[in-house]
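Take the given structure of chain R and dock chain F to it, following the hints.
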Amino acid sequence: MSTAGAERVGAAAGNDGAPGDRLLEIQNLRTYLKTSRGVVRAVDGVSLELRPGTTLGLVGESGCGKSMLLRSILGLLPRRSVERQGRILFEGQDLLSLPPSRLRRILGRDIGYVAQDPMTSLNPVLKVGQQVGETLRCHYGVSRSKARAEALELLQSVGIPEAERRLDQYPHQLSGGMRQRVSIAAALACHPKLLLADEPTTALDVTVQAQVLELLSRLARERSMAMILVTHDLGVVAGRTEQIAVMYAGQVVELSPTSDLFGNIQMPYTEALFKSIPRLSDVPHHRLVSIPGRPPDLRMQPTGCRFASRCTYTQPQCLTDAPALTEPGTSGHAYACWFPLGLQPEDPPADSAAPTGAPVGPARPARRQ
Amino acid sequence: MSSRPEVSPVLLVQVPPPPPRIEAAAAPAGGAGPGRIVPLWKRLGIPFWLAVGWIVLVAVLAITASILPLQNPDVGNFSALSQGPSAAHWFGTDDLGRDLMSRVIFGSRVSLIVGFAAAFLGTVIGGALGIAAGYLRSATEGVIMLIMDAIISFPSLVMLIALTTFLGKNLVNITGAIALVTVPVLARLARGSTLSVAKRPFILAARSAGATNFRVMWREIVPNVLPPLISLGLVIVAVAIVAEGALSFLGFSIPPPTPTWGNIIASGENDLSTAPQIVFAPAAVMFVTVFAFSIAGDRLRRIGELQSGGI
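From first to last, the protein sequence lines stand for chains R and F. Here the first sequence stands for residues 3 to 371, numbered as in my numbering. Here the second sequence stands for residues -12 to 298, numbered as in my numbering.
To be clear, the hints were calculated from the coordinates, so they are not data collected in a lab. Some hints could be false.
[Claimed, not checked] Computed spacing ranges between beta-carbons, pair by pair:
{"no.": "1", "chain 1": "F", "residue 1": "Pro34", "chain 2": "R", "residue 2": "Leu290", "range": "55 to 61 Å"}
{"no.": "2", "chain 1": "F", "residue 1": "Pro210", "chain 2": "R", "residue 2": "Val144", "range": "38 to 44 Å"}
{"no.": "3", "chain 1": "R", "residue 1": "Arg39", "chain 2": "F", "residue 2": "Leu182", "range": "18 to 24 Å"}
{"no.": "4", "chain 1": "F", "residue 1": "Leu154", "chain 2": "R", "residue 2": "Gly94", "range": "56 to 62 Å"}
{"no.": "5", "chain 1": "R", "residue 1": "Arg104", "chain 2": "F", "residue 2": "Ser125", "range": "53 to 59 Å"}
{"no.": "6", "chain 1": "F", "residue 1": "Trp28", "chain 2": "R", "residue 2": "Glu216", "range": "42 to 48 Å"}
{"no.": "7", "chain 1": "F", "residue 1": "Ser125", "chain 2": "R", "residue 2": "Gly94", "range": "50 to 56 Å"}
{"no.": "8", "chain 1": "F", "residue 1": "Leu37", "chain 2": "R", "residue 2": "Glu216", "range": "43 to 49 Å"}
{"no.": "9", "chain 1": "F", "residue 1": "Val111", "chain 2": "R", "residue 2": "Glu216", "range": "30 to 36 Å"}
{"no.": "10", "chain 1": "R", "residue 1": "Arg39", "chain 2": "F", "residue 2": "Asn157", "range": "55 to 61 Å"}
{"no.": "11", "chain 1": "R", "residue 1": "Ala151", "chain 2": "F", "residue 2": "Leu154", "range": "50 to 56 Å"}
{"no.": "12", "chain 1": "F", "residue 1": "Leu237", "chain 2": "R", "residue 2": "Ala151", "range": "58 to 64 Å"}
Quick reminder that beta carbons are idealized off the backbone N, C-alpha and C, glycines included.
With the rest of the complex left out, here is chain R (with noise of 0.2 Å):
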């Protein structure tokens, strides 16, 4: 466990940090969408903050509100039906209330984003060399012949082969690790100082998966680009990020440094996600392990903390209040639990509170060190 990292990350969780240090400050983000069912609160209430040049794995399985903040933070939601609270500071700057004129001139250019599926997130009928040079076009106004010798550079910088006939070529031409190098290319033309990356690699072959993500860190390093990457998988954010961010039911339910949390997780929900990541030592045929039940309705949230239902360790407190995310030490790790892994009291008795049968062995260890 790095002190350096647990320091640097700590200084941007705690209130100690001047503000001018933070690239991106989200204050108590709320989004709600309203629809003809009611309203479903996607993002309900996120803080977080990202030092220039870090990165954040924002983790949580499907429908936990990852992708939902990502937009709130870009403004790409529908704004009638859509109702955002809180405050999201870009340099200092409220994106929230910015107009949309402003904002525009802020995405693509400081901020780039990088879509989930190569296969639908490049317009096919427009050459790659035009959609990669597209935003510097649209920032900068360059010339043609510029922004296609910038997209060649660029092709170039993610480690496209043969950048310059690729220039001319269609996506439906390119494989799908291509295609994500491709988008990337994009979303770096314009230089960023953060990057939104939505669950960059889910669509991909898994051979192509960690050479995406290494080159997303690499160019997050060489460009001392900030970055968020958003991912279902702990696996992949666990070497290639300073801090993470677990995200449930549209709260941010556990917020470490990365080098503290694996050896400390305290919420059990970081832990059941942690236990679904496959492992090579796992006995052939061995049955992968799930959490049981599924996210909460976003529309009706339980009274109490969201994750009770499936919670392994779940108490009678847990039911009734809802714990809110506190930092116990200075070490930057904070946590949204009554009765984090790290002190539970007796959890045998609390297994068969989980309302259904849990895949997983039955003696539990509750903890690791």
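Same frame as chain R, but now just chain F:
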């Protein structure tokens, strides 16, 4: 593949039929399946190229009519009134002794100009309105589509007659009037395509890169919506030619003596039994031309559907 029968004697008995089937299935798949192997021109087929050939022929004749060795379309030969086809007059002559081939060729100018210009205007305006409606949604869409519905629900011939009578029978007004009638059809198509394109993630990607609405529509949506618009546009050329023909037949287009297909047909109406060539020569040329535009547009549309299905 071939090693399988050798594995077990039981399979040997069953396998012989499949191999030829597999070969047969593989050959056309390799030959015609993945788009790039068969060149586009070949996939469009012979009817398409015949249609295009005819359109080009008519267009070239119309453009070069004044330098071609044609007889003056406006001056009649009074010794050869209402004659059938002959070596001197390939299509025959009309009731004033004017050469019908010359009149049909000069008459194609009005038809083609009106046809192309009206279809082009209709495609541009209808396309722009449809894309705006489909992408911006909300009130913009409501207003645009309401106007389109209003235009479509008005009998088009009545509207054309009213407009040309009111504004004056010249090329610009006729073109404009016909374009106006075609706008709603194209706007509906453009809106429909835009609705499906706008949902795709690359639009979100473009917006997340700070593109303005106009930029998203122009750079991302237009290239995707253009192919279906163009193929419908070709069909609309045919429709516009027919509309101009109808107007001119009814006397609401360019007045004689300037020949148009419609007014030649109208002029032969009374002599149909004695001199059918006056009606049939322009009618046949018009029919083939309209048919050619329809075939060309339809072929393009099918190819476009195949391709967008593959992407």
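Between F:Pro210 and R:Val144, does the C-beta distance stay in 38 to 44 Å? At 20 Å between Cβs, range violated.
Using the beta carbons of F:Leu37 and R:Glu216, state whether their distance is inside 43 to 49 Å or not. 56 Å, violated
Taking the CB of R:Arg39 and the CB of F:Leu182, does the distance hold inside 18 to 24 Å? 23 Å, holds
Does the beta carbon distance between R:Arg104 and F:Ser125 stay inside 53 to 59 Å, or does it fall outside? 22 Å, violated
Do the beta carbons of F:Val111 and R:Glu216 sit within 30 to 36 Å of each other? With Cβ atoms ~48 Å apart, the hint is violated.
Has the hinted range 50 to 56 Å been met by the Cβ atoms of R:Ala151 and F:Leu154? With a Cβ separation near 52 Å, R:Ala151 and F:Leu154 satisfy 50 to 56 Å, so the hint holds.
Range hint 56 to 62 Å: satisfied by the CB atoms of F:Leu154 and R:Gly94? 59 Å, holds
Outcome for the supplied range 58 to 64 Å, where the beta carbon pair is F:Leu237 and R:Ala151: About 60 Å separates the Cβ atoms of F:Leu237 and R:Ala151, which means 58 to 64 Å holds.
Consistency of beta-carbon spacing, F:Asn157 to R:Arg39, with hint 55 to 61 Å: With a Cβ separation near 58 Å, R:Arg39 and F:Asn157 satisfy 55 to 61 Å, so the hint holds.
Outcome of range test on Cβ distance (F:Trp28, R:Glu216; 42 to 48 Å): 44 Å, holds
Is 50 to 56 Å right for how far apart the beta carbons of F:Ser125 and R:Gly94 are? 33 Å, violated
Status of the given 55 to 61 Å range, CB of R:Leu290 versus CB of F:Pro34: With a Cβ separation near 57 Å, F:Pro34 and R:Leu290 satisfy 55 to 61 Å, so the hint holds.
The structure is inconsistent with the numbered hints 2, 5, 7, 8, 9, although it conforms to all the rest.
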